[in-house]
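Enquirer: Build the full structure now, drawing on both the sequences and the hints.
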Amino acid sequence: MATRLLLGDEALAQGAIDAGLSGAYAYPGTPSTEITEYVQRHVAVTSQSIHCRWSSNEKTALEEAVGMSYAGRRAMASMKHVGLNVAADPFINAALIGTRGGLLINVADDPSMHSSQNEQDSRLYGEMALVPCIEPADQQQAYDAAIYAFEFSERHELPVLLRLTTRLAHSRADVEIHEDGSRPQNPFSLPNDKQRFILLPAHARARYLRLLEQQQALVEASEESPFSTLSLEGDASLGIVSCGIAGNYVQETFGGKVRHPWLQIGQYPLPVRRIEALFSRCSRIIVLEEGTPFVESRLRGLPLRSSPEIFGRLTGHLPRTGELAPESVASAFRSSGAPSADARHRPSPLLRNRPPALCQGCPHIDSYRALNQAMAPYRDRGRVFADIGCYTLGAMPPLEAIDTCLCMGASITMAKGAADAGTSPAVAVIGDSTFAHSGLTGLLDCTAEQTPITVILLDNGTVAMTGGQDSQATGRFAQLCEALGVDREHIVAINPRADRHEESVAIIARELIYDGPSVIVAQRECIQTLRRSNSTRKPESPPRGCRQDAKGDPQ
Amino acid sequence: MKCDIVLAGVGGQGLLSIAMLIGRTALDQGLRVKQAEVHGMAQRGGAVHSHLRLSDRPIASDLIAVGTANVLLAMEPLEALRHLPMLADDGVVFSNTTTIRNIPDYPDEEVLRQQLASRAAIKWIDAERLAQEAGSLRTANVVLLGALSQALPMEQRIFERAIRTMFSRKGDTVVEQNLRAFAHGRSAVREESAP
Ligand SMILES: Cc1ncc(C[n+]2csc(CCOP(=O)(O)OP(=O)(O)O)c2C)c(N)n1
Ligand code: SF4
Chain A
1 MATRLLLGDE
11 ALAQGAIDAG
21 LSGAYAYPGT
31 PSTEITEYVQ
41 RHVAVTSQSI
51 HCRWSSNEKT
61 ALEEAVGMSY
71 AGRRAMASMK
81 HVGLNVAADP
91 FINAALIGTR
101 GGLLINVADD
111 PSMHSSQNEQ
121 DSRLYGEMAL
131 VPCIEPADQQ
141 QAYDAAIYAF
151 EFSERHELPV
161 LLRLTTRLAH
171 SRADVEIHED
181 GSRPQNPFSL
191 PNDKQRFILL
201 PAHARARYLR
211 LLEQQQALVE
221 ASEESPFSTL
231 SLEGDASLGI
241 VSCGIAGNYV
251 QETFGGKVRH
261 PWLQIGQYPL
271 PVRRIEALFS
281 RCSRIIVLEE
291 GTPFVESRLR
301 GLPLRSSPEI
311 FGRLTGHLPR
321 TGELAPESVA
331 SAFRSSGAPS
341 ADARHRPSPL
351 LRNRPPALCQ
361 GCPHIDSYRA
371 LNQAMAPYRD
381 RGRVFADIGC
391 YTLGAMPPLE
401 AIDTCLCMGA
411 SITMAKGAAD
421 AGTSPAVAVI
431 GDSTFAHSGL
441 TGLLDCTAEQ
451 TPITVILLDN
461 GTVAMTGGQD
471 SQATGRFAQL
481 CEALGVDREH
491 IVAINPRADR
501 HEESVAIIAR
511 ELIYDGPSVI
521 VAQRECIQTL
531 RRSNSTRKPE
541 SPPRGCRQDA
551 KGDPQ
Chain B
1001 MKCDIVLAGV
1011 GGQGLLSIAM
1021 LIGRTALDQG
1031 LRVKQAEVHG
1041 MAQRGGAVHS
1051 HLRLSDRPIA
1061 SDLIAVGTAN
1071 VLLAMEPLEA
1081 LRHLPMLADD
1091 GVVFSNTTTI
1101 RNIPDYPDEE
1111 VLRQQLASRA
1121 AIKWIDAERL
1131 AQEAGSLRTA
1141 NVVLLGALSQ
1151 ALPMEQRIFE
1161 RAIRTMFSRK
1171 GDTVVEQNLR
1181 AFAHGRSAVR
1191 EESAP
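Residue numbers (my numbering), protein chains in the order written: chain A, 1 to 555; chain B, 1001 to 1195.
No lab work stands behind these hints: they were computed from the structure.
The C-beta atom is built at its ideal place from N, Cα and C for all residues, glycine as well.
Hints may be right or wrong, so weigh each one.
To be verified - Residues of chain A placed beyond 10 Å of chain B at every Cβ, according to the derived structure:
id, residue
1, N93
2, L130
3, A173
4, R183
5, Q195
6, A206
7, E213
8, S306
9, A395
Stated by the list, open to error - Rough simulated footprint, nothing fancy, chain A against chain B, three-plus residues with beta-carbon under 8 Å:
id, region
10, 1025–1038
11, 1074–1088
12, 1112–1125
13, 1149–1155
Expert: The following block contains the structure:
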């Protein structure tokens, strides 16, 4: 054993490597990005030939991982919570074909929306897909969970959802890791039972029945899970149910010695017998969980013999939104017992917000300045549909250059719908990585109908928002757009620099009046990645999949 | 023994690297560590912070509860004010004197300082000046770490070893500058406490 200081994300990744991982597939997204970055930097990528490369989006990542599992090897796909929306189709269907090599789907939820547009809870997806879900409580469990989950996945022939939340994903702690080297990777092997892998309705019905039959075994496994504990000792006037890291706040509240009967849940589906044991002893139950009141609402609906009163987010004893904190948990215990509020720690009236802003010298600023000027005559009837990335910050003053931001890829498609309804000019602003993620198909819709939209493709050569990962389509935008049917005449470049401002304005203005889809590629490197590649000395062995060797690497 | 530290600053000031340095040093000294941070926003200039918990016993929560931190290290005065509610009644603030006024409505500096002084025990450090003296403005974060280290339960030489390891990749000059910056910060707290 060795002790290492690891983020929850990193502990999970190290566990997966030690469990004989063969392929790590992912699309970046806070707070999940460090899972894959850790694997990329790890020596095992070269010494054990682990396949590790960013995918175009979460759906492609998950399908690639499913393919590797099909061929017998252990694979994982990692993403942030909204990424699972993109990957929902393969996610739900992968439960039907099942796994051969162990398959982990690592999803990091972001309650409080530290860097996300919503705070959806992935456990609901787990329930919908009828797959087991593991929710580690700390960094050590994140490490152990990866090892356990691969084994579990192979034993039950099912993918396993591994749910993290921001606080665990992005918090470091000392983790004990095995030093005796990783388990050998599974050998390559192809299956022969075709029916299982071809989800025609006739086969799918049989697979669905099998999946339903497996549920009882999954519940049994949850009852015995090393990630759940039940203690029936202490003051039974109140019982506690906590999930994942919420259990840490329970411990913090009681200074380590919890005085009430307590069920800590780290694996789903819910362990019904353990719940029944707790319920039969306590007349009141408090439920503590990160994200949606998922367990809280399921507990209310369970057909059990005893039905204690249940407190939680739905009853207002905990805030309905946002992540838990030691003080909100402590105060929930007080308000479900004797209330005592303390208002000592009010923020000062002098306080001012300091929101993130585009870096000084960012290429997006020059693109927006040019766009703003070109759009000035159309402010009443034109709109700018933007997308997700650093450039979403163009919404803030002084630029205030965009009108919408929905989800990745929605710039082009919303512009199309709005153009269909009469918006003119309809401008789509999209980053290079977002375009590769989910802009291409929308552009195909536009060329199919010659919809008059103007796409501004902000090519800063990287996925800047999430810390500078490789972008899939770098250097290939003109070819891609032409292949999608955009007229070559209307695929034009601008140079987003202050000294080329007038020229950029003229080019954008010209495309705004074109009666068909046009793409303006604004190409200049993100100054943060530029600075980093200028300042870093050559590392001893450059990590695979990183910028230094990515170009021209035919992997 | 437990020590709960809140680090606060502005993106780009090197806050997360000193959080890492403290974490590694504590681990070297055989302590348990939890260090929560929010990162992912690549842009510079927004508020950032990290919660660091050190103890000789297992630590449950990754987050420090409001009103219980022993130390607040602020790399910028307005950020000190933002995280002041985290501090315990007998907690101490170490704050850089230099402001970063990248927002339109930054409060009056004098009023801000008075407000901070009236609400907590505060030690001011002119990190930029000391960093310059150490040989590079970029070591301002390590100056502040030096100052903070006076309040932490770890030995100076273990800090110095962690600094060596962390900067060794960047060459001897950078290592030396950072060691000097650390020493300057450490003695600054002993010598001066008002700006
Ligand atoms: C479905 C989904 N996956 C991932 C993310 C996280 N994310 C936000 S923006 C972004 C990519 C930004 O890259 P790019 O479009 O190149 O713009 P840049 O930040 O470089 O300006 C990612 C991966 C997300 N919000 N939604
Ligand atoms: S990180 Fe890069 S793309 Fe993002 S704001 Fe800064 S310079 Fe612009």
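Enquirer: Decide, hint by hint, whether the structure agrees.
Expert: Going through the hints against the structure:
1. N93: holds (30 Å)
2. L130: holds (31 Å)
3. A173: violated (5 Å)
4. R183: With a cut-off of 10 Å, R183 of chain A remains clear of chain B, as the shortest Cβ separation is near 26 Å.
5. Q195: Q195 of chain A clear of chain B: closest Cβ-Cβ about 43 Å, beyond 10 Å.
6. A206: holds (43 Å)
7. E213: holds (39 Å)
8. S306: S306 of chain A clear of chain B: closest Cβ-Cβ about 30 Å, beyond 10 Å.
9. A395: With a cut-off of 10 Å, A395 of chain A remains clear of chain B, as the shortest Cβ separation is near 13 Å.
10. 1025–1038: holds (count 8)
11. 1074–1088: This one holds; 7 residues, not fewer than the three required, reach chain A with a Cβ under 8 Å.
12. 1112–1125: holds (count 3)
13. 1149–1155: That given contact is violated, which follows from only 0 residues of the region 1149–1155 of chain B lying within Cβ reach (below 8 Å) of chain A.
When each numbered hint is compared with the structure, violations occur for hints 3 and 13.
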